[in-house]
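A.B. asks: Here's the letter readout for the chains.
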Amino acid sequence: MIVIESLTKRYDSTTAVDAVSMAIERNSITVIVGTSGSGKSTLLRMINRLIEPTSGRVLIDDRDTASEPGHRLRRRIGYVIQGHGLFPHRTVAENIATVPRLLGWEEDRIRASTTRLLEALQLDPAAYSGKYPYQLSGGQQQRVGVARALAAEPAVLLMDEPFGALDPIIREKAQDDLLDIQRKFGTTVVLVTHDIDEAFRLGDRVAVMSEGRLIQYDRPEVLVTRPADALVARMTGSAERAMRLLSLMTAGEAALPLSTTDGIADAPVVSASATLREALSELLWRGSERAIVVDDKRAPCGQLTVAAILARGRPG
Amino acid sequence: MSTSGFLLRRPASTRTSALPHVDRLGALLTLVGAAGLFLLPFVAFKANRIVPGDPRGLAQVLPAWGALACWVTLAAVAAIALLAANALLRLAGALAGLVGVATALAAAANALTPPHDLIVRIAPGGGFWVLLAALGLLATDAITRMRPGPGVRVLLLAIFLGVAGLALARGTFDNVSVMREYAVNASAFAVAARQHVLLSLGSLGAAVIVALPLGIFCHRVPRMRPGVLSALNIIQTIPSIALFGILMAPLGALAAHVPLAEAVGIRGIGAAPAVVALFLYSLLPIVANTVAGLKRVSPATVEAALGMGMTRRQTLTGVELPLALPVILTGIRIVLVQNIGLVTVAALIGGGGFGTFVFGGIGQAATDLVLLGAIPTVVLAFSAAVLLDALVERLDRVPQ
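Keeping their order, the protein sequence lines are chains A and B.
Quick note: the first sequence uses our numbering, first residue 715, plus one each step.
Quick note: the second sequence uses our numbering, first residue 22, plus one each step.
These are computed hints drawn from the structure, not numbers from a lab.
It is possible that some hints are incorrect.
Unchecked claim - Simulated restraints, written as ranges between beta carbons of each label pair: (1) A:ASP911 x B:LEU176: 54 to 60 angstroms; (2) A:ASP726 x B:LEU275: 46 to 52 angstroms; (3) A:ALA841 x B:LEU52: 53 to 59 angstroms; (4) B:ARG333 x A:LYS1011: 52 to 58 angstroms.
Glycine included, each C-beta is placed from N, C-alpha and C at the ideal position.
Please work from the sequences and hints to get the whole structure.
C.D. replies: Quick look at the structure:
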């Protein structure tokens, strides 16, 4: 668990981060969202002390981060930045081995960890270990950046606009990969973005920052149903807040028991992992009242009706 | 219609390819080479080392078959230079021409020198130098067209130096005037060569030790950059002879008043002011290139390094300097080539090196002695440039 206590950063006359306090759950994804200049990156960098706070403190698992030298702290915390920041003169394997080497791991252990991470990120170790970053596509570079950050099995992973340099289709894939990785490794992820859609897609909890202050920090559906102020309401999009709510729940979670197997062959099929927003869109498109929800083995596990979906789009 | 258009175009293209394509550089070099061969003397016959030479053409100094062989070789090289597109063939032609011209010079010197005569000098004439330059350009152009990798370029340099060294060691050119001067000055030449290399490398080494940290400092503290770089720029604008002169007074005073300074060899004249001046000239290129090289490293890369827990020192030595190295080495290459040339001037204040022969030769009006200093200086500078260029290219394989 990460506890941030009235963390403040002042530069001469400006206050970049103003007395922010928040508690970040273990094994969750917390997204800090805000416009540029809102202080979100500064807040993130104070967690691993790339920026030293003016006042306040950060506790990771009850231990004050100021109690050890900054570089030692950072070796225990994964860090991914926009544009990946891979070392151009080192191969993929050498890049990933950076922190394990700093920690003095044995070569066998480093090799095993590199292989495991490349596999987890769907990069064939035999084909990619010896490549240089410039030989990879943007999406692959980003994945190697994530692998490098996870190499020493950090409990905490900080990500600063990690998908900002990717084109929309690859970005979506990278976001899915991150959700997978987070589930697989149980890492506590703190991610900074200016993209509210990304925040809703990834965040178990979302923190909205503006002008250095933390405006609201809660589960995404609360941000939609009970925005703390006009800014949060505008950010979450008052015009499409119902759709946003729908996109926060999966078809599997909202599925009703199958009442009858009649007409199953003709009804539209949605995957249990699809969002209600996608399910509704599918129903509208097909002009159907009822969809069959199938699990990942394509076996029917429930049904959804337009009325049931619409009920989920209302607050409360 | 389109078929007939296609058919019409075919003969047109065959017609253009039937006309031989004349290489422009080849034409120019052929013209220059021919002018050198027919209008300028190939060698100069001098009764002794000081008197002006008596010009001799190729036909006058070689037996008929030898002159003919030389002309035929050069004509063949000219044909290749004019018509051949294959770079390897052009290089082979240029090298054959160089060997031919060098052999002709050696043969001419042997033919014109009376047996056991050590007074007569057979100096290469204008024609020889023009041919050498034209063939040399043809060879370098051919090598450039082949786009050889760094390893191949170093290999070519080694072959060139090896062949030249072997010919000199075998005494092929012993009767040519420059080698006559060498024979007289052999021990002084060895001393001068050692001094020349030591002065160039010593001042470079000292400059790297100071300039590298200074460049890193300028990169880290951008406020200091303009001041440091303009100060070094001002030093760069002082003419070398003036700088040697300026340094004589303070170093002389230092030697006079500090016994320790004198004990380690610091004097107003000699190697000390030479090293100091070369050191000062070396600073700007290395500092400027260190700053430029470090600036080239992407800020994201540096942030990632720090973010992963590298210390500032580890970031510098493990990430920033390796990525800046090709640019820094380019600065070192500039300095080394520049120093090899400038050391020649250092002979004026008693610094030693090949400049001793150059200024000695000027003083005695003995051109051959000037060449004995100038030729090895050029070969040294050229070799250093090829070696360091190859090293830079080897290191810069990975794009940023």
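A.B. asks: All the hints need checking, so say for each whether the structure fits it.
C.D. replies: Verification of the hints:
Look at A:ASP911 against B:LEU176: about 58 angstroms separates their beta carbons, and that is inside 54 to 60 angstroms. Under the hint 46 to 52 angstroms, the C-beta atoms of A:ASP726 and B:LEU275, about 47 angstroms apart, fit the expected range. Hint check: A:ALA841 to B:LEU52, Cβ distance near 56 angstroms, so the stated range 53 to 59 angstroms holds. Separation of B:ARG333 from A:LYS1011 is about 53 angstroms and conforms to the stated range, judged on CB atoms against 52 to 58 angstroms.
The structure is consistent with each of the numbered hints, conforming to all of them.
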